[in-house]
Amino acid sequence: MSHEHKLAIFRGTLKFKSNTQKIWGVLVFLTIVTTVEVALGITKPEVLTANTFIGMKVLNWIFIILTLVKAYYIAWDFMHLRDEKSSLRRAIVWTPIFLVSYLIFILLFEADYIYNIFKDGYVTWNF
Amino acid sequence: MDSTITTGTEENVWGGGNRPLGASYGKLMMWFFIVSDALTFSGFLASYGFSRFKFIETWPIADQVFTHVPFVHGNFPMYYVAFMTFILIMSSVTMVLAVDAGHRMMKNRVILYMFLTIIGGAIFVGSQAWEWATFIKGDYGALETKGGRILQFVKADSGERAALADFSKTIPGERVGHEKKNGVWYYEETPLPSYSLNEVTEGFMANPNILIQTETITEEGEKTLLTREESLAKIKDAKLVVEGANLIRNEYGSRLFADFFFFITGFHGFHVFSGVMINIIIFFNIILGTYEKRGHYEMVEKVGLYWHFVDLVWVFVFTFFYLV
Chain A
206 MSHEHKLAIF RGTLKFKSNT QKIWGVLVFL TIVTTVEVAL GITKPEVLTA NTFIGMKVLN
266 WIFIILTLVK AYYIAWDFMH LRDEKSSLRR AIVWTPIFLV SYLIFILLFE ADYIYNIFKD
326 GYVTWNF
Chain B
2 MDSTITTGTE ENVWGGGNRP LGASYGKLMM WFFIVSDALT FSGFLASYGF SRFKFIETWP
62 IADQVFTHVP FVHGNFPMYY VAFMTFILIM SSVTMVLAVD AGHRMMKNRV ILYMFLTIIG
122 GAIFVGSQAW EWATFIKGDY GALETKGGRI LQFVKADSGE RAALADFSKT IPGERVGHEK
182 KNGVWYYEET PLPSYSLNEV TEGFMANPNI LIQTETITEE GEKTLLTREE SLAKIKDAKL
242 VVEGANLIRN EYGSRLFADF FFFITGFHGF HVFSGVMINI IIFFNIILGT YEKRGHYEMV
302 EKVGLYWHFV DLVWVFVFTF FYLV
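Going down the list, the sequences are from chains A and B. So the number in the numbering used here is just where the residue sits in the first sequence, counting from 1, plus 205. So the number in the numbering used here is just where the residue sits in the second sequence, counting from 1, plus 1.
Simulated from the structure, these hints should not be mistaken for lab results. Mixed in with the good hints, there may be bad ones.
Stated by the list, open to error - Below are the PhoX-like pairs computed for lysine-lysine, each with C-alpha atoms no more than 20 Å apart in a straight line: (1) A:324 to B:147; (2) B:224 to A:249; (3) A:324 to B:224.
Model the full structure from these sequences, guided by the hints.
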């Protein structure tokens with residue numbers, strides 16, 4: 206078992222003295238991100254809900270991006286993928302990313318198609 | 002050929018002893034499990050997305066569904082889930098600290114941190130149970146139409162949601178639930194709602210302050226509020242009183258919303274529960290000194306991976322059920 210840890214986060218801009226310190230640092234960061242998410246969710250700023258980007262509200266895009274950021278730090282620092290060999294890291298990370306992106310793509314497209322069928326077709330489902 | 006079995010085999014890719022991934026067998030298997038479990042959860046969340054996009058105009062708004070905090074009355078969307086998220090991240094932190102202490106062979110620290118992790122997990126599972134109970138019990142009550150759509154009630158003057166109890170009439174002589182003690186020929190029946198359809202309709206007719214809110218989401222991202230005239234016309238479609246949520250119907254709106262809520266948070270909750278159980282086993286093993294004798298705390302690291310994974314999944318569930 207390797208005992209050495211990589212102690213820098215944010216691409217080396219923030220360096221910690223010990224592994225324990227890094228863990229607390231990451232906790233602070235994750236807490237800030239969650240707080241921002243909840244604050245945005247409660248206030249729902251007009252600018253972010255009124256504008257859309259590729260068919261989804263900007264606010265929702267922000268939520269999804271912040272979630273991926275959180276997921277990155279949980280996997281990299283808590284599950285210490287940062288300290289693993291790059292071959293293990295890539296095998297673990299890219300397999301789901303590829304499969305899940307594909308799954309999301311086909312399911313959401315199909316769902317949107319069905320939505321339009323319900324909307325424009327002759328089927329009454331709200332009676 | 003015998004010359005191949007000599008020193009320097011580490012240099013040779015085919016000579017054995019080569020560790021391309023640099024991880025032990027157990028850790029690698031835990032990672033394999035996590036990847037496949039991640040794909041399972043992704044499948045669930047993607048199908049949730051499918052149903053949501055299919056009914057994008059009528060999907061319930063999470064802020065209006067999860068509004069409760071234990072022991073406090075009032076409308077507090079999301080605060081409690083945010084708290085649950087924080088608890089789970091916190092227990093993840095104590096888990097990393099346990100792994101870190103394990104690397105440095107500090108038995109007592111590992112015991113302490115594992116204990117805190119278990120407590121965090123227990124608080125989370127308890128919170129989720131409470132969340133389920135609140136969701137099942139329901140809030141205001143609603144009517145269901147022939148087409149399976151939900152009609153909710155709003156007070157016209159304040160714009161607040163109106164509970165069925167706020168305006169329903171009590172009509173004596175209405176049907177009572179048939180109980181086992183009252184008859185030999187007993188057939189099971191689901192509990193009757195607190196008000197019959199007739200009582201709700203009569204109360205609605207008599208109270209001009211009550212409007213109907215349909216499932217359809219407007220351009221502004223709010224539920225459509227009907228005028229009094231439209232409401233009076235709409236209530237004729239009602240077929241059923243719905244209170245709370247179950248797998249068949251729910252008062253919050255689309256039935257699939259409740260189905261996915263129960264299924265995905267339930268599956269996640271089951272993961273947390275089994276995680277807590279595994280943590281407890283490891284906790285006792287640490288106390289007994291199993292890993293001290295073994296010379297390393299890799300087992301703590303492996304359950305740690307599982308525990309962080311559970312946290313990781315919750316981050317996504319939180320986003321897709323409560324925020325987006």
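Against the structure, the hints:
For the hint pairing residue 324 of chain A with residue 147 of chain B, the CA-to-CA distance comes to about 19 Å; that is within 20 Å, so the pair holds. Simply put, residue 224 of chain B and residue 249 of chain A have alpha-carbon atoms about 16 Å apart, close enough for the 20 Å limit, and the pair holds. Between residue 324 of chain A and residue 224 of chain B the CA atoms are separated by roughly 18 Å; this keeps the pair inside 20 Å, and the hint holds.
The structure fails none of the hints (numbered hints given earlier).
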